[in-house]
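Asker: Sequence:
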Amino acid sequence: MLLRPLFVTLCAALLSPLAAAQSAPFGPADPRGRWITASGNLEVEIAACGNALCGTVTKVLSNNSMSRDGQPMTPADPRPALGLKLLIDLLPDESDTPPTTWRGQIYNRENAKTYRAKVEVEAKPNTQGELLVRGYVGIPLFGQTQRWLRAPG
Numbered sequence: 030m031l032l033r034p035l036f037v038t039l040c041a042a043l044l045s046p047l048a049a050a051q052s053a054p055f056g057p058a059d060p061r062g063r064w065i066t067a068s069g070n071l072e073v074e075i076a077a078c079g080n081a082l083c084g085t086v087t088k089v090l091s092n093n094s095m096s097r098d099g100q101p102m103t104p105a106d107p108r109p110a111l112g113l114k115l116l117i118d119l120l121p122d123e124s125d126t127p128p129t130t131w132r133g134q135i136y137n138r139e140n141a142k143t144y145r146a147k148v149e150v151e152a153k154p155n156t157q158g159e160l161l162v163r164g165y166v167g168i169p170l171f172g173q174t175q176r177w178l179r180a181p182g
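For any residue, its number in our numbering is found by taking its place in the sequence shown, counting from 1, and adding 29.
Rather than coming from a laboratory, the hints here were simulated on the basis of the structure. Check the hints yourself; a few may be wrong.
What the hints assert, rightly or not - In the EDC-like style, the derived pairs of lysine to aspartate or glutamate whose C-alpha atoms are separated by at most 16 Å in a straight line are: (1) LYS147 with GLU159; (2) LYS147 with ASP122; (3) LYS88 with GLU74; (4) LYS153 with ASP59; (5) LYS147 with ASP118; (6) LYS114 with GLU72; (7) LYS88 with GLU151; (8) LYS153 with GLU139; (9) LYS147 with ASP106; (10) LYS114 with GLU74; (11) LYS114 with GLU151; (12) LYS114 with GLU139; (13) LYS88 with GLU72.
The task is simple: from the sequences and hints, build the whole structure.
Answerer: As structure tokens, then:
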């Protein structure tokens, strides 16, 4: 008689991580992974940080400005780019199940300002998708969208 409750408890303990893994929001619309920014300057890894997602610079590929002439950039923020969090506190949009849109903040190193951000993966045939990153002030209408590509490998 005593063995049955023990067996049930052990089964529950062993199966709960499996159930949690299956309910995780990974899928084609999940932004986690490594991405190359629109400028081609940085590789950013989006991963869990606390109960949200953050995007941290994991590799510096070049140092060109996003301006039209593409000249080398002198950022307003003197901190090194490597290890800098560009995407901050991305949380899934509550109206999406499973989540396809994530909202948080984006840091622009060129002018050292932080903006609101909306992030979503756009699926494209024969590709690993593109990350649409929209930085804005107030409402998304007043912003700019960049297309980031998945990093190879």
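Asker: Decide, hint by hint, whether the structure agrees.
Answerer: Going down the list of hints, with the structure as the test:
no., hint, result
1, LYS147 with GLU159, "holds (14 Å)"
2, LYS147 with ASP122, "holds (9 Å)"
3, LYS88 with GLU74, "holds (9 Å)"
4, LYS153 with ASP59, "holds (14 Å)"
5, LYS147 with ASP118, "holds (11 Å)"
6, LYS114 with GLU72, "holds (12 Å)"
7, LYS88 with GLU151, "violated (23 Å)"
8, LYS153 with GLU139, "violated (30 Å)"
9, LYS147 with ASP106, "violated (23 Å)"
10, LYS114 with GLU74, "holds (9 Å)"
11, LYS114 with GLU151, "violated (22 Å)"
12, LYS114 with GLU139, "holds (14 Å)"
13, LYS88 with GLU72, "holds (5 Å)"
Comparing the model with each earlier hint shows violations of hints 7, 8, 9 and 11; every other hint is respected.
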